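Novice: Can you make the complete structure from the sequences, with help from the hints?
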Amino acid sequence: MTGSVSADRVVYSTIDDSVNLTAHTGKEFEFDSLKGKVALIYFGFTYCPSICPMELTHISQALDALPDDKVIGLFITVDPERDTVQKLSTYAPFFHARIIGLTGANKEIDKAAKLFDVSYRRIAQGDSYTFDHSSNIIVLNQLGEVKALVPFGSNYEHLVKLVQGVLSDNG
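In the working numbering, the protein residues as written are 365 to 535.
In short, the hints are calculated from the structure, not lab data.
What you are looking at is a predicted structure, and each value in this text was computed from that prediction instead of being measured.
Even glycine gets a Cβ: it sits at the ideal position worked out from N, Cα and C.
Treat the hints with caution; some may be incorrect.
Calculated lysine-lysine pairs in the DSSO-like style (CA-CA distance at most 30 Å, straight line) [to be verified]:
id, residue 1, residue 2
1, Lys399, Lys471
2, Lys401, Lys451
3, Lys478, Lys401
4, Lys475, Lys391
5, Lys391, Lys401
6, Lys391, Lys478
7, Lys399, Lys478
8, Lys478, Lys451
9, Lys471, Lys401
10, Lys451, Lys391
11, Lys525, Lys434
12, Lys478, Lys434
13, Lys471, Lys525
14, Lys401, Lys434
15, Lys399, Lys525
16, Lys399, Lys475
17, Lys478, Lys525
18, Lys434, Lys391
19, Lys451, Lys475
20, Lys401, Lys475
21, Lys471, Lys451
22, Lys399, Lys451
Label pairs and their computed distance ranges (CB to CB) [as the list claims (entries may be wrong)]:
id, residue 1, residue 2, range
23, Ala469, Ser532, 34 to 42 Å
24, Ser492, Asp433, 38 to 46 Å
25, Ala488, Glu394, 31 to 39 Å
26, Gly529, Thr448, 30 to 38 Å
27, Asp491, Gly400, 15 to 23 Å
28, Glu509, Gln450, 18 to 26 Å
29, Asn519, Asn384, 21 to 29 Å
30, Thr454, Asp533, 29 to 37 Å
Specialist: Structural data, given as structure tokens:
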């Protein structure tokens, strides 16, 4: 499909043992809960002024057009210092009730980023900081395989069509 890169790779076999993240509900996130669902995963940070909210809006619009019980969104922070469970508990659901915000220790975020080939780095900005990070939406199929990397700027209709194709393939 235009605007996406096929990237078939199974991740469930290693993610539970290697990555411990906490959901915006305060509970440990069970990656096994994704089995049987398509997951739209985005790495970002809540203080991002434009790109992260834009991509989360695209995920939200796609979720509105897709079956509730078959597709879920995950927002994995790259800024666990500021993106606490409390912060994510309002941020993630603001975009959509089916987007789960995830945070954890820096080493756990690093593991998740490595698992999904996401790069990020902290950049000093006066007395504060920001992040430079990969901006792809990662599409996992029902079997836990990375089916596509949807680049920044792709419209939500493209994402919907891609996910519908994954759903019809049953993986």
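Novice: Decide, hint by hint, whether the structure agrees.
Specialist: Hints, one by one, checked against the model:
1. Lys399 with Lys471: holds (24 Å)
2. Lys401 with Lys451: This hinted pair holds, its Cα atoms lying about 26 Å apart.
3. Lys478 with Lys401: holds (22 Å)
4. Lys475 with Lys391: holds (19 Å)
5. Lys391 with Lys401: holds (20 Å)
6. Lys391 with Lys478: holds (23 Å)
7. Lys399 with Lys478: Answer holds: lysine 399 to lysine 478 is near 21 Å, not above 30 Å.
8. Lys478 with Lys451: The hint holds at about 24 Å.
9. Lys471 with Lys401: holds (27 Å)
10. Lys451 with Lys391: Measuring from Cα to Cα gives roughly 14 Å; hence the hint holds.
11. Lys525 with Lys434: holds (14 Å)
12. Lys478 with Lys434: With Cα atoms ~26 Å apart, lysine 478 and lysine 434 stay inside 30 Å; holds.
13. Lys471 with Lys525: Cα-Cα ~35 Å, so violated.
14. Lys401 with Lys434: holds (5 Å)
15. Lys399 with Lys525: With a Cα-Cα distance of about 21 Å, the restraint between lysine 399 and lysine 525 holds, given a limit of 30 Å.
16. Lys399 with Lys475: holds (20 Å)
17. Lys478 with Lys525: OK: lysine 478 and lysine 525 at ~27 Å, within 30 Å.
18. Lys434 with Lys391: holds (21 Å)
19. Lys451 with Lys475: holds (22 Å)
20. Lys401 with Lys475: The given pair, whose Cα atoms are some 22 Å apart, holds under the 30 Å limit.
21. Lys471 with Lys451: holds (20 Å)
22. Lys399 with Lys451: Judged against 30 Å, a Cα distance of about 27 Å means the pair holds.
23. Ala469 with Ser532: 34 to 42 Å: Because 38 Å falls inside the window, the suggested range holds.
24. Ser492 with Asp433: 38 to 46 Å: holds (41 Å)
25. Ala488 with Glu394: 31 to 39 Å: holds (36 Å)
26. Gly529 with Thr448: 30 to 38 Å: This hint holds: roughly 36 Å between Cβ atoms.
27. Asp491 with Gly400: 15 to 23 Å: violated (46 Å)
28. Glu509 with Gln450: 18 to 26 Å: Violated - the Cβ-Cβ distance for glutamate 509 and glutamine 450, about 33 Å, lies outside 18 to 26 Å.
29. Asn519 with Asn384: 21 to 29 Å: violated (34 Å)
30. Thr454 with Asp533: 29 to 37 Å: For threonine 454 and aspartate 533 the Cβ distance comes to about 35 Å; the hint holds.
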